[in-house]
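Those protein sequence lines, which keep their order, are chains A and B. According to the numbering used here, the residues represented by the first sequence are 1 to 238, in order. According to the numbering used here, the residues represented by the second sequence are 1 to 96, in order.
Treat each hint with caution, since some may be false.
Unchecked claim - Below 25 Å or equal to it, Euclidean Cα-Cα: the simulated DMTMM-like pairs (lysine to aspartate or glutamate) are:
{"no.": "1", "chain 1": "A", "residue 1": "K125", "chain 2": "B", "residue 2": "E41"}
{"no.": "2", "chain 1": "A", "residue 1": "K194", "chain 2": "A", "residue 2": "D122"}
{"no.": "3", "chain 1": "B", "residue 1": "K11", "chain 2": "B", "residue 2": "E41"}
{"no.": "4", "chain 1": "B", "residue 1": "K25", "chain 2": "B", "residue 2": "E90"}
{"no.": "5", "chain 1": "A", "residue 1": "K194", "chain 2": "B", "residue 2": "E19"}
{"no.": "6", "chain 1": "A", "residue 1": "K38", "chain 2": "B", "residue 2": "E41"}
{"no.": "7", "chain 1": "A", "residue 1": "K206", "chain 2": "B", "residue 2": "E60"}
{"no.": "8", "chain 1": "A", "residue 1": "K194", "chain 2": "B", "residue 2": "E90"}
{"no.": "9", "chain 1": "B", "residue 1": "K25", "chain 2": "B", "residue 2": "D45"}
{"no.": "10", "chain 1": "A", "residue 1": "K125", "chain 2": "B", "residue 2": "E57"}
{"no.": "11", "chain 1": "B", "residue 1": "K11", "chain 2": "A", "residue 2": "E105"}
{"no.": "12", "chain 1": "A", "residue 1": "K38", "chain 2": "A", "residue 2": "E132"}
{"no.": "13", "chain 1": "A", "residue 1": "K106", "chain 2": "B", "residue 2": "E41"}
{"no.": "14", "chain 1": "A", "residue 1": "K106", "chain 2": "B", "residue 2": "E90"}
{"no.": "15", "chain 1": "A", "residue 1": "K125", "chain 2": "A", "residue 2": "E105"}
{"no.": "16", "chain 1": "A", "residue 1": "K194", "chain 2": "B", "residue 2": "E57"}
{"no.": "17", "chain 1": "B", "residue 1": "K25", "chain 2": "A", "residue 2": "D122"}
{"no.": "18", "chain 1": "A", "residue 1": "K38", "chain 2": "B", "residue 2": "D45"}
{"no.": "19", "chain 1": "B", "residue 1": "K25", "chain 2": "B", "residue 2": "D69"}
{"no.": "20", "chain 1": "A", "residue 1": "K200", "chain 2": "A", "residue 2": "E105"}
{"no.": "21", "chain 1": "B", "residue 1": "K11", "chain 2": "B", "residue 2": "E60"}
{"no.": "22", "chain 1": "A", "residue 1": "K200", "chain 2": "B", "residue 2": "E41"}
{"no.": "23", "chain 1": "A", "residue 1": "K200", "chain 2": "B", "residue 2": "E90"}
{"no.": "24", "chain 1": "A", "residue 1": "K128", "chain 2": "B", "residue 2": "E60"}
{"no.": "25", "chain 1": "B", "residue 1": "K11", "chain 2": "A", "residue 2": "D204"}
{"no.": "26", "chain 1": "A", "residue 1": "K125", "chain 2": "B", "residue 2": "E60"}
{"no.": "27", "chain 1": "A", "residue 1": "K38", "chain 2": "B", "residue 2": "E90"}
{"no.": "28", "chain 1": "A", "residue 1": "K128", "chain 2": "B", "residue 2": "D45"}
{"no.": "29", "chain 1": "A", "residue 1": "K200", "chain 2": "B", "residue 2": "E57"}
{"no.": "30", "chain 1": "A", "residue 1": "K106", "chain 2": "A", "residue 2": "D204"}
{"no.": "31", "chain 1": "A", "residue 1": "K106", "chain 2": "A", "residue 2": "E203"}
{"no.": "32", "chain 1": "A", "residue 1": "K125", "chain 2": "B", "residue 2": "D69"}
{"no.": "33", "chain 1": "A", "residue 1": "K206", "chain 2": "B", "residue 2": "E90"}
{"no.": "34", "chain 1": "B", "residue 1": "K11", "chain 2": "B", "residue 2": "D69"}
{"no.": "35", "chain 1": "A", "residue 1": "K128", "chain 2": "B", "residue 2": "E41"}
{"no.": "36", "chain 1": "B", "residue 1": "K25", "chain 2": "B", "residue 2": "E64"}
If you are wondering where the hints come from, they were derived from the structure by calculation, not from laboratory data.
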Amino acid sequence: MDIASSLAIVTLAALIHASFQLSVSVLTLLSGHAIGAKHSQARVMRLTFGYVSGVGVMTLLALSFISLIFLHLFGHDAPDIIWAIACGLLVGVGLAVWFFYYRREKGTSIWIPRSFARHLSDRSKATKSGTEAFSLGLTTVVSELLFIGAPMVISALVLIQLPAHWQLVGIAIYSVISLLTLFSIWVLIGSGHKLSAIQKWREDNKGFLQFAAGGALAVLGFFVYVCKIMTDVSGTLL
Amino acid sequence: MAHEEATSIIKRQGQRPTESFSRNKLHQSIVAATLSARAPEGQADTIAYAVTNYVLEWLESRPEVTSHDIRVVATRHLRAHHPDAAYLYEQHRITL
C-alpha cells in the first residue's frame with residue numbers, strides 16, 4: 001500500500017471517529033453546567049478547551065499505543081488474517097452503529113454502559129478547573145473505545161507499514177481530524193451560539209449521523225479488504 | 001411550607017435514596033438551565049421563581065412523586081416562559 005493510500009485510509013478512519021458523538025455530548029453538558037454556574041465566558045472557554053485538549057491527547061496516546069503493540073507483535077507488516085479480522089471488525093461495528101448507536105428514545109443518549117454515562121454526566125457537573133476538564137476528556141475517549149476502537153485498529157495497522165516519519169504524520173493527521181467536530185462545537189460555544197440550538201441540531205440529525213458513521217465504517221472495511229487482502233492474494237496467485 | 005416537607009421524591013426509579021422535596025434545589029436547577037440558554041441573570045431568577053411556584057402548587061396534593069415527574073411538570077411550565085431553557089432542562093438527562 002503506498003503512502004497516499006495509507007494516509008487516505010487514516011483520514012477516512014479519523015473522519016468516522018469525528019462523527020461519533022459521545023465527546024460532543026459531554027462537551028455540551030460541560031459547557032451548559034459552566035454557563036449555568038455563572039462562570040465568565042473566559043472561564044467557560046478555559047474549561048472547554050481543557051476538555052478538548054484531554055480528548056486530543058488521549059486519542060493520540062491510544063492510537064500510538066495500539067500502533068506500538070501491533071509493531072511489537074507483527075513488525076512492519078501484519079499477516080493477512082489480522083487485516084481480515086480488522087476489516088470484519090469495521091463492518092461489524094458499522095452494522096452495530098446502524099442498529100444500536102443511539103438509544104430509541106428522545107434525546108441523544110447512546111449505547112454505552114449506563115454507569116459510564118452517569119459517571120461522565122456527574123463529572124461534567126462537578127468539573128470546576130481546567131485540569132479536571134482535561135481528565136474528563138481523557139475519560140471520555142476511554143468510554144467511547146467500544147466504537148472508536150475499530151477505526152483506530154485499522155489506522156494502526158496502516159501506520160505500522162509506513163516509514164517512521166510518515167507514522168508520526170499519520171498519527172498527527174488522525175488526531176487533528178478526529179477532533180474537528182469537537183473543535184467546531186468549541187468555536188460555536190465561544191462565539192456565543194445557543195447550546196439549545198446545537199443540541200437541537202444534533203437531535204434532529206442523529207439518524208443521519210448514525211447512518212453516515214455506520215455506512216462509512218462498512219465502506220472503509222470493504223475498501224481496505226480489497227486494497228490489501230485481495231491485492232496480496234492476487235499477487236500471490238500471479 | 002407543609003407540602004414542601006411532606007413530599008418525598010423517588011430518585012432514578014428508586015436506585016438512589018428517596019429525598020424530601022427541596023424548593024431551593026429546584027429553583028437552582030431552573031436558574032442554571034435558563035442561564036445555559038444565555039438568558040440574563042435577573043430573568044433567570046424571575047422565571048425560576050414562577051416555575052417553582054407552579055411545581056409547588058402541583059405538589060400540594062401529592063405525598064410522593066418521582067424526580068422524573070417533577071422534571072416533566074417543571075419543563076411544561078418553563079416552556080411557556082423560555083422555550084430554549086425548557087429544551088435544555090428536558091434534555092439534561094437524555095444527552096448522554
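Each hint, compared with the structure:
Taken as a hint, the K125/A and E41/B pair is honoured in the structure, with Cα atoms around 19 Å apart against an allowance of 25 Å. For the proposed pair K194/A and D122/A, the alpha carbon gap of about 22 Å is at most 25 Å, so the pair holds. About 29 Å separates the Cα atoms of K11/B and E41/B, which puts this hinted pair outside 25 Å; it is violated. For the suggested pair K25/B and E90/B, the alpha carbons sit about 16 Å apart, so the restraint of at most 25 Å is met.
Under the criterion of a C-alpha separation no larger than 25 Å, the hint pairing K194/A with E19/B is inconsistent with the structure, at around 33 Å. Restraint check: the Cα-Cα separation between K38/A and E41/B comes to about 8 Å, which is no more than 25 Å; the hinted pair holds. The hinted pair formed by K206/A and E60/B fails the criterion: a straight-line CA distance of about 39 Å is larger than 25 Å. The hinted pair formed by K194/A and E90/B meets the criterion: a straight-line CA distance of about 15 Å does not exceed 25 Å.
With a C-alpha separation of about 13 Å, the suggested pairing of K25/B with D45/B holds against the 25 Å cut-off. With a C-alpha separation of about 29 Å, the suggested pair K125/A and E57/B falls outside the 25 Å cut-off, and the hint is violated. In summary, the hint linking K11/B to E105/A is supported, as the alpha carbons are separated by about 20 Å, within the 25 Å threshold. In summary, the hint linking K38/A to E132/A is supported, as the alpha carbons are separated by about 18 Å, within the 25 Å threshold.
Restraint check for K106/A and E41/B: not satisfied, since their Cα atoms lie roughly 29 Å apart, outside the 25 Å limit. A distance of roughly 10 Å separates the Cα atoms of K106/A and E90/B; the hinted pair therefore holds under the 25 Å criterion. Only pairs whose Cα atoms come within 25 Å are accepted, and K125/A paired with E105/A is accepted, the gap being roughly 23 Å. A C-alpha spacing of about 31 Å is found between K194/A and E57/B, which places the hinted pair above 25 Å, so the restraint is violated.
For the hint linking K25/B to D122/A, the alpha-carbon distance of about 16 Å falls within 25 Å, and the restraint holds. As the CA atoms of K38/A and D45/B are separated by approximately 12 Å, the hinted pair is consistent with the 25 Å bound. Straight-line distance between C-alpha atoms of K25/B and D69/B comes to about 15 Å, which keeps the hinted pair within the 25 Å bound. Straight-line distance between C-alpha atoms of K200/A and E105/A comes to about 14 Å, which keeps the hinted pair within the 25 Å bound.
For the suggested pair K11/B and E60/B, the alpha carbons sit about 19 Å apart, so the restraint of at most 25 Å is met. This hinted pair checks out: K200/A and E41/B have alpha carbons roughly 23 Å apart, not beyond 25 Å. Between K200/A and E90/B, the direct Cα distance comes to roughly 12 Å. Compliance with the 25 Å bound is thereby established for this hinted pair. This hinted pair does not check out: K128/A and E60/B have alpha carbons roughly 37 Å apart, beyond 25 Å.
Only pairs whose Cα atoms come within 25 Å are accepted, and K11/B paired with D204/A is rejected, the gap being roughly 29 Å. Under the criterion of a C-alpha separation no larger than 25 Å, the hint pairing K125/A with E60/B is inconsistent with the structure, at around 30 Å. Proximity of K38/A to E90/B is assessed by CA-CA distance (about 20 Å); at most 25 Å being required, the pair is judged to hold. Restraint check for K128/A and D45/B: satisfied, since their Cα atoms lie roughly 23 Å apart, inside the 25 Å limit.
A C-alpha spacing of about 31 Å is found between K200/A and E57/B, which places the hinted pair above 25 Å, so the restraint is violated. At most 25 Å may separate the alpha-carbon atoms for a hinted pair to count; K106/A and D204/A meet this at roughly 10 Å. Restraint check for K106/A and E203/A: the C-alpha separation of about 8 Å stays at or below 25 Å, so the hint holds. Proposed proximity of K125/A and D69/B is supported: the alpha carbons are some 22 Å apart, at most 25 Å.
Between the alpha carbons of K206/A and E90/B the distance comes to roughly 17 Å, so the proposed pair stays at or under 25 Å and holds. For the hint pairing K11/B with D69/B, the CA-to-CA distance comes to about 10 Å; that is within 25 Å, so the pair holds. A threshold of 25 Å between alpha carbons decides the hint, and for K128/A with E41/B the separation of about 20 Å falls inside it, so the pair holds. Using a Cα cut-off of 25 Å, the hinted pair K25/B and E64/B holds, with the two alpha carbons roughly 17 Å apart.
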